[in-house]
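Enquirer: Sequence:
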Amino acid sequence: MSRVNYSKVISSALYGVDALLVEVETDIANGLPSFTIVGLPDGAVKESKERIKSAIHNTGYTIPPKRITVNLAPAHIKKEGSAFDLPICIGLLTALGVIEIGNVDGVVILGELSLDGIIKPVKGALSAAMMATEMKLSSIIVPRGNGTEAAVVDGVKVFETGHLSEVVSLLRGELSLCPVKVGRTAPDSSLSAYDPDFNEVKGQEHAKRALEIAAAGGHNVMMIGPPGSGKTMLAMRLPAILPRMTLKEAIETTKIHSVAGILGPGTAMVTKRPFRSPHHTISDVGLVGGTQQPRPGEVSLAHNGVLFLDELPEFKRNALEALRQPLEDGYVTISRAQQTITFPSRFMLVSAMNPCQCGYYGDPNHQCICSVSSIVKYRSRISGPLLDRFDIQIDVPAVRFTDIIREGTQESSARILERVEKARLVQQERFRGMRIFSNTQMMSRHIKKFCRLDEASVTLLSTAIERLGLSARAYTRLLKVARTIADLDQESDIRPHHIAEAIQYRSLDRSPLGL
1449 MSRVNYSKVI SSALYGVDAL LVEVETDIAN GLPSFTIVGL PDGAVKESKE
1499 RIKSAIHNTG YTIPPKRITV NLAPAHIKKE GSAFDLPICI GLLTALGVIE
1549 IGNVDGVVIL GELSLDGIIK PVKGALSAAM MATEMKLSSI IVPRGNGTEA
1599 AVVDGVKVFE TGHLSEVVSL LRGELSLCPV KVGRTAPDSS LSAYDPDFNE
1649 VKGQEHAKRA LEIAAAGGHN VMMIGPPGSG KTMLAMRLPA ILPRMTLKEA
1699 IETTKIHSVA GILGPGTAMV TKRPFRSPHH TISDVGLVGG TQQPRPGEVS
1749 LAHNGVLFLD ELPEFKRNAL EALRQPLEDG YVTISRAQQT ITFPSRFMLV
1799 SAMNPCQCGY YGDPNHQCIC SVSSIVKYRS RISGPLLDRF DIQIDVPAVR
1849 FTDIIREGTQ ESSARILERV EKARLVQQER FRGMRIFSNT QMMSRHIKKF
1899 CRLDEASVTL LSTAIERLGL SARAYTRLLK VARTIADLDQ ESDIRPHHIA
1949 EAIQYRSLDR SPLGL
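First residue of the sequence shown: 1449, per my numbering; consecutive thereafter.
Honestly, I wouldn't trust all of these hints.
[To be verified] Once the Cα atoms are required to be at most 30 Å apart in a straight line, the calculated BS3-like pairs of lysine-lysine come out as:
(1) LYS1568 x LYS1605
(2) LYS1494 x LYS1696
(3) LYS1456 x LYS1605
(4) LYS1568 x LYS1514
(5) LYS1514 x LYS1494
(6) LYS1456 x LYS1584
(7) LYS1605 x LYS1629
Just so you know, these hints were derived from the structure itself, not from any lab.
From just these sequences and the hints, can you work out the full model?
Expert: Right under this line is the structure:
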């Protein structure tokens, strides 16, 4: 083999949910033996030289005792993670003459190496494949287990490999692999027999109706009720009545899950809407994302799905307040000294809480032991601005025994989903070309155009606002919910009974001091 002493291999670095092209330059020169990696590498990248040495040795090749310098360009972007193991290794073997320089042109390479040369899956393969397509590169080599997600992208050949020797043989032309193929049809998110179904919920017809409206319009929901009333049970079944994900939504969601490293091995796409339910001890960074090298938080992992916060008042106040911006904007912007990263976060917020500290205020079957002041203090853990962002606030009382033992089949998720999808089709036609996907995303100009009221509706709404003391934001939320109820009824105009029903879903506003 002839040594050329210099090579350049293409890889990628994650920047938020996107991938940036990184050139891995390798130079072999005479001098004291050393192996140096420059270009703002983190600890995992610096440690890669030990894995690379062992992998090359155990694959049957030899590294000469010379001065080896690896540069990861551009140098101003921090490189982190173990995905640079394989491109650095291939760059070194190319500089040694094991692989012809021309054979690595236009090929994106990423993967983590074991000491014996086995290649392990990495994060962000889908983002890397999308970057390769945008840069008009020919192919991408990824670890076995990442091929299906990368192959979702059109315009680039995806090769899946499991060992360093396999990659070397592929690049030398000694091995022929078929590119991984995955269909790009709309994801199948049909219900299975094992999915939670609304027909398992006894009673709670008022809450079921509210969740149907929430699913039809993409509205945020708060459920207030005593322990055991079924709040969590209802929330877990909400994804079953949300419309099927579009191909664009599925790719967006898969991209985030891939970057976060929670995409299952061999999974091509996330086909069902995410349902995230973090514990109330979560920090604001865990909820909205962050750390020194920003990572997506729960609000981004729930993108195009549901974020469920159980026991809402138990969450840290600063974590809850951090939700306000992503709820309004649909994205999270994390700023650091050297970079600013934006993560998508368009989700439905569903929360559950007890009416008081002991949980039994207003429950006819249990005695509440809380004082009025303690109840007010408990409720005040949730700020007014955050409460305003819940379009629907409903009471979920304890289930009556007669409902539990009642015979008969409850309405299934599939039946509810039919009505929800019909309402979404109405909204899809209404907002065509406006970059709006549901009623909850309407802005003032859209509300003015699509939520016109007759005289009777205006009178009813005016009376409700005066008596309940609603804010301007709560007023617009009422109109959005009323618009969704009308869509479920397949009516073009909002009627007084739609307004009246929407008012019933402002539980906290209808009680003095929130009691």
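Enquirer: Now tell me if each hint is right for this structure.
Expert: For each hint, the structure was consulted:
1. LYS1568 x LYS1605: With Cα atoms ~20 Å apart, LYS1568 and LYS1605 stay inside 30 Å; holds.
2. LYS1494 x LYS1696: violated, 37 Å
3. LYS1456 x LYS1605: holds, 20 Å
4. LYS1568 x LYS1514: Holds, at roughly 28 Å.
5. LYS1514 x LYS1494: Roughly 18 Å separates the two Cα atoms, so the pair holds.
6. LYS1456 x LYS1584: With Cα atoms ~17 Å apart, LYS1456 and LYS1584 stay inside 30 Å; holds.
7. LYS1605 x LYS1629: Holds: LYS1605 and LYS1629 sit about 9 Å apart, inside 30 Å.
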